Amino acid sequence: MQIFHRSANSISRVSIVAGVLLAGAIVALAYTLDRGSYTTDVNVVKAQPVPFSHKHHVLDDGIDCRYCHTSVETSASAGIPATEICMSCHSQIWTNAEILEPVRESFRSGKSLEWTRVHDLPDFVYFNHSIHLNKGIGCSTCHGPVDQMPLMYKQNTLYMDWCINCHRQPEKYIRPRSEVFNMAYEPPRDQLALGKKLVAEYHVQKLTDCATCHR
Amino acid sequence: MNDNKLKDVQEHAHGDSLIKITSKPSGAADHPVSRRSNVNLEVLRERLEKSKGPLYWKSLEELAETPEFKAFVEDEFPERTPDWLDPVNRRTLLKVMASSMALAGLAACTKQPKELIVPYVRQPEDFVPGNPIFYATAMPSPGGAVGLLVESHLGRPTKVEGNPDHPGSLGSTDIWAQASVLDLWDPDRSQVVMRYGDISSWGTFDGALAAAKEESSEDGGAGIAILSRPVVSLTLAAQVEAVKKALPNVSFHQWDPAGRHNVNEGTRLAFGAYANPVYDLTKADVIVSLDSDFLVSGGGHVRYAREYADARRVRTNITAEPASKADRQEGFQTGPAAPFRNQASEHVEHDDSPSPKNVVQAKAEGKPLEETTQNRLYVIEPAYSPTGASADHHFRVRASEVEGFARDLAAAVGVPGISGTGSPHHAIAAIAADLKAHRGKCVVIVGEFQPPVVHALGYAINEALGNRNETISFTQPLEAFPVDEVQSIRDLTASMNAGKVKTLLILGGNPVYDAPADLNFGEALKKVKTRIHLTAYNNETSIVCQWQLPEAHFLETWGDTRAYDGTVTVQQPLIAPLYGGKTAIEILAALAGNAGKSAHDLVKEYWTARLGENNFEKTWQIALHDGIIEGRLAPINVSVKPPAAAPSAVGQGREIIFRPDASVLDGSFANNGWLQELPKPTTKLTWDNVVWMCPSDAQQLGVQNEDLVAVNFQGRSVEGPVWIAPGHAANSISVQLGYGRTAGGRIASGIGYNAYKLRTSDALYHGTGVEIRKIGKRYPLADTQLQHSMEERAPIRVATIEEYKKDPYYVGSREGAEASSTSLYPDYKYEGYKWGMSIDLNVCIGCNACNIACQAENNISVVGKEETAKGRQMQWIRIDRYYAGNNLDDPELLFQPVTCMMCEDAPCELVCPVAATVHSGDGLNQMVYNRCVGTRYCSNNCPYKVRRFNFLLYADWYTKSLEGLRNPDVTVRSRGVMEKCSYCVQRISSAKILSERENRRIRDGEIIPACAQACPTKAIVFGDINDPNSEVAKLKRQVRNYGLLEDLNTRPRTTYLGRLRNPNPDLEGQKG
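Listed in order, the protein sequences are those of chains R and S.
When you number the first sequence by this note's numbering, it's gap-free, plus one each residue, and the end is 215.
When you number the second sequence by this note's numbering, it's gap-free, plus one each residue, and the end is 1287.
If you are wondering where the hints come from, they were derived from the structure by calculation, not from laboratory data.
Nothing here was measured: the structure is a model prediction, and the numbers come from that model.
Every residue, glycine too, gets a C-beta built ideally from N, C-alpha and C.
Keep in mind that a hint or two might mislead.
Simulated crosslink set (EDC-like; lysine to aspartate or glutamate; CA at most 20 Å straight-line) [what the hints assert, rightly or not]:
| hint | chain 1 | residue 1 | chain 2 | residue 2 |
| --- | --- | --- | --- | --- |
| 1 | S | LYS326 | R | GLU105 |
| 2 | S | LYS741 | S | ASP706 |
| 3 | R | LYS111 | S | GLU340 |
| 4 | S | LYS1175 | S | GLU277 |
| 5 | S | LYS329 | R | GLU171 |
| 6 | R | LYS206 | S | ASP1137 |
According to the in silico footprint, chain S covers these stretches of chain R (three or more CB under 8 Å from chain S) [said to hold, decoys possible]:
| hint | segment |
| --- | --- |
| 7 | 2-8 |
| 8 | 146-155 |
| 9 | 168-175 |
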């Protein structure tokens, strides 16, 4: 006895193909969403109280990273400059600029500026700036060409696979300690050879233990 | 949906909920019903007496093999109580399942929420985000302050450590210091100035105080009375003097419900003047404690615990045998790829082949075996204290008979003018002989809850033995105005009743709750016109006062305080008062006419006057930095006169003993969740006070654990649950103060019963003639000792020192245990560090400091009584208590702290389906919270039962003030996640980062886990076992080293050093 009409064959074939395609599409969509700027915030500029330009301060004025991010060599946190640090220059220059009013207001009132975090690690990740610098990982390796950014955005996803990529093969990214703050640093052609040498010299360990970052 | 259908559904749901109600677990909060099985004590006693050899038992339930105990051994969480509050039927279950399936993946796809960075406007010097700063301060306490270094993260005090330079601390702390930081952030604290229940202000109060002063200025302040805790602070004393100068007729009273007034009165009885006894236990070979818990409470205890332990620590130069084991003793080979050459390898002959002969066996360090010595501790007490558990000889004597014991001892050592009771305790002769053999090198310590006459006897015994200025010395009292406190509060009550007091200023404390019941303080207080209470919590006393003033916590205000030996520390604040609280110093200054001066100014003013203005600022800065401004008090000369010859009469009938609770003390720590959930050292009970009695008394009264009894004493009565405590004196019961609160915070109120209701001024600490009546109800208690049960036959190894000398391997690893540790896989080579821990059971006193330090360091949640009863407490360390011996009424008591063993071959790691618990390259058994999906297989497979699961969202994510408390270096865990001891991996990380930055290896002792840091006896040692010169490696080479359950081949990284006892040969085997 024939239960299904003959056309059921075609329908079933089409639906199998369509089902596979749909599943694929869902996976692709999920991947795109997960890796796309919508979720990762990569290349997304965030609204800040003052449109601070790293490009202007670093590239044009030549101010060192550490002038503002004072604890980057000694602490887990690089440190966000206190209003006082801004005012150490801006009490002398651009003293009337409209754009800097929030900074002056903060200094007058004693109320902090509230910046929106751009590089935001999840709370269960414990990152330490000081040790990365000490082992020859440059600012730009993670933060990208900050000196080219008029407004700050995230260059990398800061996803775990991105972190672990370097923790497994630090020789690919390491640079001489003297070049850590050099924004214009270009890795040499023989990066791997230099990297292996530096890894040995700086006692860099391939720290892939979970507790290195999670605790 | 039509009406009929709706009705159907409703009926259906109703029907379901009916079933739900009838099948509702009976342990729910509204109907507390005990489900503990009864234990036949007679059968137990017989069973114990028949058994031979060392026998360890954790509880009566274990001994009786009750169904509950078996359930806990077989299944970690036998009670599968549903946690849903709503009735779950098939329909809702399917809905929940479907939605959780659908949402399972989506949960991971959330966008990170926007986060703000709020930098300083003007960043304070030395403030570096991410690096904590430590400030020296001290925690005031009646018997002597403990000097502290408090960790501050950008101005938030998060953790308390001991100040190594402070004589009362030596770097260690006690449970109250550790828990004090939770008190600071407690959301239940008194937060505003209240007047008649309305919010008021300090300004209004200052006006009111000035008015009260004005009103009584004609008669010199005769209408004003002040009630304070005993004044130890020097600046506060100066303010009291100033008040007396301004208003000479102000009456000043002091009361501490469970303080040191017996010690003070004892010195007055013995010397005719108040003095402060200071012991030096480093010189004491024989210590006799007459009802003194000097290791764990009573002032100076942190120091005394260290001194006691140092005289007890044993290290012998015998290496751990056999040779094959030494090889496995984690060969200290370093691989060619090691980032740093191991210091060890530099002077150890070594090639890379693992052949045993190439591994040089490092010698154990220590004294030759035959020179091994230990001090000897006798404890005579009515109920087991941690000090009693540490004793070589523990004699249970009713509290009221300790005086007789002391008299007999005094007579036996030859104190002139003292005759014994005529029927001395059987141990007196031997103890007296031992004391006399150690003249000048022994000490008798009398507990602060024994009456003054026993103290006087104690001082006379010490004098007769030539101990003065050797093991005991005396200084001026710590208190600025020592006084008979009972008389003091009695006088105050009398003048209140007589209507003489118009204004009463109560500075801290809680007299309505804790004053002797016969004084009826609460009623008398109502006769006072203006009642002012400076208080940390709105408690029983504040409720009946018109003015409630928030008291500043010691971590948020200035002050000064003395240690047990008189050393003065300036108490330095870590944070501005969270709720604008003030201190007694400021209130009294206002009364003296200095309103508006801050505590800082007053303290500094006092010290400028005391030390002179010359170079003061420098002295001040150094004092703040070091935590000490003035050294110890000089010893004074005293002439000891023995007390009257006539002994006090001992009443007949059953005795009742009042003692501050082991955790919440007199009730002042009752709102502290950490302390409430801390298992009390000897009973392992949490969240309640009980009526302790020994098994024979329980049998006589026909009561079981958790039976509610009415306790009648001198016409007053309270109801409390029974707890059978083997080792308690017979014909005697103990009740604990500090519970049964009706106010004072959400945690404090409504738990336990109020033993103060029975306590009268003539029987403050014990009395006879108590009647116990079973009332036929039961009350469930949450004890933790049944839970997390291991099946180990000899978890604790004990030997006497003589046995040890005969066979040093007796307490260490049993032969053959290591032989089974063969594996098909090659050993992992640890090329850098290899962390390990050693716990010396010989000096562990079971004080719980490690437990609560761990809780503070690692953001461990409090779960509450009901969850605790289900075995779900979260503390990462548990201190197992074992009874030993075959006398049910009078067993020995032993402690064993159990942390994660960091097994080399960890059973937990093998069973985790998501690799959420894995081994690290330095040998840590890591727990990765963000990977954990909560299968609990690991916990199931852990033979040590050290893993803790967040069954519910235990961490308080919503109370704002608790956010300030948290250690920012440790994740706050969520529901459904397993956690466990991490060896304080955050401390390892920060030490590692620091050492790498400085291009060196981590030094031995640079990493101290929270437990080891808090430990008063330094029983816990942590370090790199790859370095043979590290402290921990040396300890692990000691012959007493053994692993728990080592025949399971888990190869634990945490190992124990067996316990050694030093009994008096003349008394061996005698108890009673």
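- request: Please count how many residues of the segment 168-175 of chain R have a CB within 8 Å of a CB from chain S and say whether that reaches 3.
  value: violated (count 0)
Pair hint LYS741 of chain S and ASP706 of chain S, alpha-carbon separation not exceeding 20 Å: holds (16 Å)
Holds or violated: LYS329 of chain S to GLU171 of chain R, with C-alpha atoms at most 20 Å apart: Violated, at roughly 34 Å.
message: LYS206 of chain R and ASP1137 of chain S were given as a pair; does the straight-line alpha-carbon distance stay at or below 20 Å?
response: holds (13 Å)
query: Counting residues of the segment 2-8 of chain R with a beta carbon closer than 8 Å to any beta carbon of chain S, are there 3 or more?
result: Violated, because only 0 residues of the segment 2-8 of chain R bring their Cβ atoms closer than 8 Å to Cβ atoms of chain S.
- prompt: Does LYS111 of chain R pair with GLU340 of chain S here, judged by a C-alpha cut-off of 20 Å?
  reply: Holds - the C-alpha atoms of GLU340 of chain S and LYS111 of chain R are around 18 Å apart, at most 20 Å.
message: Given the hinted pair LYS1175 of chain S and GLU277 of chain S, is their Cα-Cα distance within 20 Å?
response: violated (43 Å)
- prompt: Does the structure keep LYS326 of chain S and GLU105 of chain R at a Cα separation of 20 Å or less?
  reply: Answer violated: LYS326 of chain S to GLU105 of chain R is near 32 Å, above 20 Å.
- prompt: How does the coverage statement for the segment 146-155 of chain R fare against chain S, requiring three or more residues with Cβ below 8 Å from a Cβ of that chain?
  reply: violated (count 0)
Violated hints for the displayed structure, listed by number in ascending order: 1, 4, 5, 7, 8 and 9.
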